[in-house]
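Asks: Here is what each chain is made of, one letter per residue.
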Amino acid sequence: EAGVAQSPRYKIIEKRQSVAFWCNPISGHATLYWYQQILGQGPKLLIQFQNNGVVDDSQLPKDRFSAERLKGVDSTLKIQPAKLEDSAVYLCASSHRDYLGNEQFFGPGTRLTVL
Amino acid sequence: AQSVSQHNHHVILSEAASLELGCNYSYGGTVNLFWYVQYPGQHLQLLLKYFSGDPLVKGIKGFEAEFIKSKFSFNLRKPSVQWSDTAEYFCAVRNTGNQFYFGTGTSLTVIP
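Chains as they are written, first to last, in this note's numbering: chain A, 45 to 159; chain B, 2 to 113.
Rather than coming from a laboratory, the hints here were simulated on the basis of the structure. Heads up, a few of these hints could be off.
[Claimed, not checked] Among the chain A residues that face chain B by a calculated CB cut under 8 Å, a handful are:
#1 Leu89
#2 Gln92
#3 Pro152
Ideal Cβ positions, reconstructed from N, Cα and C, are used throughout, including at glycine.
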């Protein structure tokens with residue numbers, strides 16, 4: 045089966061600019077996650093969707109970050125405006141819903157550099 | 002707040018040495034436990050997982066992990082490492098709310 049797709053793979057922007065990332069999960073996966081992985085750290089959950097509803101966005105900096113999953117499939121994550129500390133890899137993952145022992149499948153990530 | 006602790010940040014081993022990476026979590030309810038690996042330049046991949054039954058689970062490439070509920074631990078082991086095991090290893094916990102928490106990772110370097 046096809047894996048989790050993300051684009052772009054790399055993005056370089058200047059601070060205060062805007063940027064958007066796109067994710068297409070594995071077909072049939074109801075749960076979608078966005079993570080931020082800063083160099084040398086583990087992934088930190090930004091937002092979790094169940095179909096098109098938000099389950100957890102407690103660690104999303106809502107003053108600058110937003111995410112949507114309008115039709116319960118693809119998702120976009122936006123940063124507006126970007127700050128230097130937003131430089132990181134943004135990972136998208138998906139999993140089955142309500143399956144005991146389900147695992148997350150990760151995409152390749154988008155490496156963001158903010159100058 | 003729930004957390005996952007990985008005690009070893011950087012580990013350097015010679016080939017054929019044995020490996021044990023520590024992982025402890027803080028959550029009192031039912032959990033699923035995972036170890037993910039990230040090889041250089043590649044994305045995160047599942048190494049093994051525990052969700053019920055035998056607390057000793059075996060994963061790919063000769064890795065295994067033991068869930069000790071009383072210690073809130075899920076340590077990763079491999080009896081004999083290879084150069085190709087050089088990677089970043091992440092422990093993760095899933096709680097009953099289907100939320101995942103990752104540790105900060107352990108960087109393993111295996112010297113030929």
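Asks: Which earlier hints turn out false for this structure, listed by number in ascending order?
Replies: none
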